[in-house]
Amino acid sequence: MKNIIRLPLIIILEILFMTGCAQTVPSDVTPFTIKKPYISLPVMIGNTKVKTQMLFDIGWGGSDITFDKTFIEVHPTILKGKKVDFTYTQQGDHKKYLQEYYSDSCKVSNDFHQWSYPRVIVIEGEKERHGFDAYGGLPGNDHENVWELNFEHNYLRVCPSDSFQIPSGSIVASLKYIQDSKRVEFQKYITRLPITITLPNGTSIKYDDEWIIDTGAPYDIYLPPTMTKTANELEKYKEEASWMYNRHFWITKVQYGKSNYLDSVRVYVLNDKELPVKGMIGLNFLKHFNVFFDLKKNKLYLQPQPNFERIIQGRKEWFGERTIKRNGKTYISELPNIKANPLRNAGMQIGDQLISFDKKKDSDGYMTHIVYIREGKKCSKTVKLIPIITID
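Note that the sequence shown covers residues -24 to -1, 1 to 368 in mature numbering (1 follows the signal peptide of the UniProt record, and there is no 0).
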């Protein structure tokens, strides 16, 4: 693990507090685990009662349910509707994956609750990338329940909104559901949290803005490049992240209210201006609380909990490159400057025109053949990419 200098930045959350009844652990809960580093929830799929572990992702596309194609091939009866559309999605390994959309809904259940997702998506290679047969989050057609993610005891609970009592000491914020009209897979839950970032030099930057909630991202607080004032102010305090499209800034504590603090919080700033996001709050921020999503009253309740443990963000194979297209050609736009980056160590440079990037599975990694053009000269290299976990 690399040595990191922690810098004295402070974030203040100015959020309304409400009181309610004290909570005890109920009996009708479904335990979950945090797996590499996602919420892993045991579920049964459809009327077939097929059991699997689902990545519970409240974030991009989480209000549908997505299956790995190989899982559907083994359990074809899960799909009953017609395929209505398809696209291709591209990941960081330069492969395009078929992404199919089906019109039918899909039931999911645990021992205490059954819910349904309004649409099914099937993607090639999903289990290889994330390690799960399925992923989904809060269903987009639920307008009656409160969904609790309890990070003090690691369980999920669903109960009717009308009988729900707000836990004592909870932060109360707005909650709304948005579906992108152009890209239907971009469905998200958004909350409004007034946040003040106080820098070591005493400068304070206040944001009274909306934030996407993303439990599938193990970040703390995530700022877009449009917040250039913050990015510029924080620049001298940055610690380069170990993958290609963002950098993060160390903070010693978060203050909310008058005398409540959170330790071990980091702010990330995106470099990628193409990502259609506002600010985001991720799993490492949410894990400071027991989180309640009231889908009927459109409220988010955050109850501070004492058992916070940071998720170590392990990234595999993201030490590669980032590309940009100009005039129909592909160029290298970023190469993370870390010792473990084999592409940089092999001599690849920002500005090279990428012609091909072919990976073949090896016993402990990938043999990757790269063809690129630099200053009009065609070059080729074969690089061994061994998956590593970088600690962030």
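Among the hints, erroneous ones may be present.
As the list claims (entries may be wrong) - Listed below are the simulated DSSO-like cross-link pairs for lysine-lysine, each with C-alpha atoms no more than 30 Å apart in a straight line:
hint	residue 1	residue 2
1	354	275
2	335	182
3	354	273
4	273	83
5	354	336
6	103	360
7	305	336
8	25	56
9	354	272
10	272	301
11	56	45
12	103	11
13	301	275
14	354	11
15	335	275
16	305	273
17	59	27
18	45	353
19	273	353
20	335	354
21	103	56
22	11	305
23	11	360
24	275	305
25	59	83
26	301	273
27	353	305
What the hints assert, rightly or not - Between beta-carbon pairs, the in silico distance windows are:
hint	residue 1	residue 2	range
28	119	62	42 to 48 Å
29	339	61	35 to 41 Å
30	274	23	53 to 59 Å
31	61	303	36 to 42 Å
32	170	23	25 to 31 Å
33	349	90	52 to 58 Å
34	332	184	34 to 40 Å
35	144	51	52 to 58 Å
In case anyone wonders, no lab produced these hints; they're calculated from the structure. For glycine and all other residues, C-beta sits at the position ideal for the given N, C-alpha and C.
Hints, verified against the model:
Under the criterion of a C-alpha separation no larger than 30 Å, the hint pairing residue 354 with residue 275 is inconsistent with the structure, at around 57 Å. At most 30 Å may separate the alpha-carbon atoms for a hinted pair to count; residue 335 and residue 182 exceed this at roughly 45 Å. Between residue 354 and residue 273 the alpha-carbon distance is near 60 Å, which puts this suggested pair outside the 30 Å criterion. Taking the CA atoms of residue 273 and residue 83, the gap is near 24 Å; set against the 30 Å cutoff, the hint holds.
Of the pairs offered as hints, the one joining residue 354 and residue 336 holds, with about 22 Å between alpha carbons and a cut-off of 30 Å not exceeded. Our distance criterion of 30 Å between C-alpha atoms is met by residue 103 and residue 360, whose separation comes to about 23 Å. Between the alpha carbons of residue 305 and residue 336 the distance comes to roughly 24 Å, so the proposed pair stays at or under 30 Å and holds. The suggested pairing of residue 25 with residue 56 holds, with an alpha-carbon distance near 15 Å, which does not exceed 30 Å.
A distance of roughly 60 Å separates the Cα atoms of residue 354 and residue 272; the hinted pair therefore is violated under the 30 Å criterion. This hinted pair does not check out: residue 272 and residue 301 have alpha carbons roughly 44 Å apart, beyond 30 Å. Under the criterion of a C-alpha separation no larger than 30 Å, the hint pairing residue 56 with residue 45 is consistent with the structure, at around 15 Å. At roughly 13 Å between alpha-carbon atoms, residue 103 and residue 11 fall within 30 Å of each other, so this suggested pair holds.
A hinted pair counts as satisfied when its Cα atoms are at most 30 Å apart, and residue 301 with residue 275 does not qualify at roughly 41 Å. Taking the CA atoms of residue 354 and residue 11, the gap is near 43 Å; set against the 30 Å cutoff, the hint is violated. A threshold of 30 Å between alpha carbons decides the hint, and for residue 335 with residue 275 the separation of about 46 Å lies outside it, so the pair is violated. Distance check on the hinted pair: residue 305 and residue 273 sit about 49 Å apart at the alpha-carbon level, beyond 30 Å; violated.
Restraint check for residue 59 and residue 27: the C-alpha separation of about 24 Å stays at or below 30 Å, so the hint holds. For the suggested pair residue 45 and residue 353, the alpha carbons sit about 41 Å apart, so the restraint of at most 30 Å is broken. About 62 Å separates the Cα atoms of residue 273 and residue 353, which puts this hinted pair outside 30 Å; it is violated. A threshold of 30 Å between alpha carbons decides the hint, and for residue 335 with residue 354 the separation of about 19 Å falls inside it, so the pair holds.
Straight-line distance between C-alpha atoms of residue 103 and residue 56 comes to about 22 Å, which keeps the hinted pair within the 30 Å bound. At most 30 Å may separate the alpha-carbon atoms for a hinted pair to count; residue 11 and residue 305 exceed this at roughly 38 Å. Between residue 11 and residue 360 the alpha-carbon distance is near 27 Å, which keeps this suggested pair within the 30 Å criterion. Note on residue 275 and residue 305: the hinted pairing is violated, with a Cα-Cα distance of about 46 Å set against a maximum of 30 Å.
Proposed proximity of residue 59 and residue 83 is supported: the alpha carbons are some 18 Å apart, at most 30 Å. A C-alpha spacing of about 44 Å is found between residue 301 and residue 273, which places the hinted pair above 30 Å, so the restraint is violated. For the given pair, residue 353 sits about 15 Å from residue 305 by alpha-carbon distance, which is consistent with the 30 Å threshold. For the pair residue 119 and residue 62, the beta carbons lie near 29 Å from each other, so the given range of 42 to 48 Å is not met.
Evaluation of the 35 to 41 Å hint for residue 339 and residue 61 yields a pass: the beta carbon distance comes to about 39 Å. For the pair residue 274 and residue 23, the beta carbons lie near 31 Å from each other, so the given range of 53 to 59 Å is not met. At roughly 30 Å, the beta carbons of residue 61 and residue 303 sit outside the given window of 36 to 42 Å. At roughly 46 Å, the beta-carbon separation of residue 170 and residue 23 lies outside the given 25 to 31 Å, and the hint is violated.
The hinted range of 52 to 58 Å is satisfied by residue 349 and residue 90, whose Cβ atoms lie roughly 56 Å apart. Roughly 48 Å separates the CB atoms of residue 332 and residue 184, a value that falls outside the hinted 34 to 40 Å. The hinted range of 52 to 58 Å is not satisfied by residue 144 and residue 51, whose Cβ atoms lie roughly 44 Å apart.
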